[in-house]
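**Q** In case you want the letters, here they are:
Protein chains: 2
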Amino acid sequence: MKIDIIAKDGTARAGKIKTSHGEFDTPAFMPVGTQATVKTLSNNELDDCGVQILLSNAYHLYLRPGEDIIKNAGGLHKFMNWEKPILTDSGGFQVFSLAVLRKVTDEGVEFRSHIDGSKHFLTPEKMLEFQTSLGSDIMMVLDECVHYPCEYEMAKRAAVRTLEWARRSKDRAGGDFEFKPNREQNVFGIVQGASYRDLREDCARALVKMDFDGYALGGLAVGEPREITDEMTRFTVELLPEDKPKYLMGVGEPQDLFDAVSAGIDMFDCVVPTRNGRNGTAFTSNGRFSVRTAANAKELSPIEEGCGCYACRNHTRSYIRHLFNTDEILGLKLVSLHNVYFYQKLMREIREAIKEKRFTEYKNERAEEWNSKLQTR
Amino acid sequence: MKIDIIAKDGTARAGKIKTSHGEFDTPAFMPVGTQATVKTLSNNELDDCGVQILLSNAYHLYLRPGEDIIKNAGGLHKFMNWEKPILTDSGGFQVFSLAVLRKVTDEGVEFRSHIDGSKHFLTPEKMLEFQTSLGSDIMMVLDECVHYPCEYEMAKRAAVRTLEWARRSKDRAGGDFEFKPNREQNVFGIVQGASYRDLREDCARALVKMDFDGYALGGLAVGEPREITDEMTRFTVELLPEDKPKYLMGVGEPQDLFDAVSAGIDMFDCVVPTRNGRNGTAFTSNGRFSVRTAANAKELSPIEEGCGCYACRNHTRSYIRHLFNTDEILGLKLVSLHNVYFYQKLMREIREAIKEKRFTEYKNERAEEWNSKLQTR
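Protein chains in written order, with this note's numbering: chain P, 1 to 377; chain H, 1001 to 1377.
Think of the hints as simulated: they come from the structure by calculation, not from any bench.
Mixed in with the good hints there might be a few duds.
As the list claims (entries may be wrong) - In silico BS3-like cross-links for lysine-lysine, where the CA-CA straight-line distance does not exceed 27 Å: (1) P:LYS84 - H:LYS1298; (2) P:LYS298 - H:LYS1078; (3) P:LYS119 - H:LYS1071; (4) P:LYS39 - H:LYS1298; (5) H:LYS1170 - P:LYS298; (6) P:LYS103 - P:LYS84; (7) H:LYS1039 - P:LYS39; (8) P:LYS180 - H:LYS1298.
Just so it is clear, the structure is predicted and the values come from calculations on it, not from any experiment.
Could you put the whole structure together from the sequences, leaning on the hints where they help?
**A** Rendered as structure tokens:
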């Protein structure tokens, strides 16, 4: 896998990445389909929003429905009937944030399921094998995540372990598989190292030597100040090869996307558009607002004037607010759908701005607009 | 309003009913959109299912969002952006089943909201006025419902009061209105009388004298044996004018529809397809079954082979079962959508069978098939 760079504007870049399930444009935002479904939305709705690639989560799928059921369907694409690219997260982050009684050793991680308390032992090899049987177009290596703030020694131990796990994952990826629904699968390494430059640098250089199909930045946007996220991102991106995709995991708010794109990031994922959608918080070019407020009780305008999404073409804020007030599922869907559409539109605009060499201008304009009107409604 | 009878087969009839929001074919099944939304489904999905008319509920809409907000939108059609016909139930049944501390007098009914305990006093005139401002194509008069079993004297008192309320509703419908978003609104009377022939007969004859746009049978399918529902339906339908729509409220299961159509009923509504959908119970021509059972864990067939709905064209039982297991909203939608589609398809088949003078044959065939395979999966 490589990225075809179509245009550059400073360090920001617009390109295309090919997979055996079609290509996607970068910078790309992947909606999160944790449990093989982007919450509240059906595939035709994701298509209508312009989604070209989505993320699912190996940790969750490993627990439910489990490997057997997904193998039986012929892999994850067939299981959920999504024909475009899928990236699966290894579950590193979930094991460290959701699972209970975990015990990490160099071998792997032992934990109890957050669902039923059942005991599991995951190794880097096992998660690579599982993602192979999912048929993910992009598989992530198992990594060890640390919290913020994290002491240097602990961050170092996790980074070293992540590197060793990356090596073992890469080795396993080169081996034989009984069940492999997708012949062209790619593996991304994950740069850890918390907010320590030297750890990030060592980790990045070692991963590059292992020659992954792409590189992710992990352990960022986990609570540290935005300046640190930005500094670590810029610093790390420069250590990674130009012709490979660069993915900033778990990011983020529109402002974060602007920053990271300008640093040279190509791929993003985040629950922000969907989780906020289910809370009734809508994203617009004028900032975000809650459709649930009394101010929207009689508001006959859509979530965003001129927006082409199904929700905005068909429904008023007044109606959507009523749906939230009465706990109607359609409300959750309409705002989620709008937000997913909004994020895809944002990425299209970002790509256009890069191609037209006016990304910085666009970014500043939008950021200013966004900040000035933030939560004013 | 009248019904254009296109074909008759015994007492069963197929026709068309015109409204100012377009016409609908009968026998018709109206999905229930209690709170101005058919739970989990968007309007484009209802269109895809072939829905031609839906039911909403004046009692619920009166409490939330309230008259003011719906008037502000220009009526219910505009509020929910549904351009086809809408029938609104008056809320009689809901006042008697949901509201607390109700007190019924000849004047009206005093109750406390089931949502926030607020006190309300509804009269037949007020409910007619409210439905007028909703712009419903068909408005139902406020009636007094009784439970099953119900003693004769109590049933009689309720029937007499329902008649008097019907008269007052009819009078109010002929008056002036400040806000009337739909100029061609129709009012249906409701025949009550529990399971007492003489009460049903008196009520029906008196309503017919008042000359309503259509007639509903209320207080049936409230727990009485199916034989009684069927007997009361057949007996009452014969007392009503041939050229007017006849509506059996709150019915029902497919078997009930077959019986009532053969008695001459033209319209139905019921929460059965949507409520069951949200429980994971799917209707098929082979009976109904739960997609949640372990038997479906690896089942790669759709809910129903050959079904043209979005769920069946796109997803396996295995996937839908996973969605239910993981509490994903998409699961609720897919089965609801299938069931609404199934009911619309059933009504199309019923209409075709009547037109081809083979309704009894079709009904017996389907009933036998249905019963023999009922819940065998």
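**Q** Please name the hints from earlier in the document that this structure breaks, with their numbers sorted from lowest to highest.
**A** Numbers 3, 5 and 6, in rising order.
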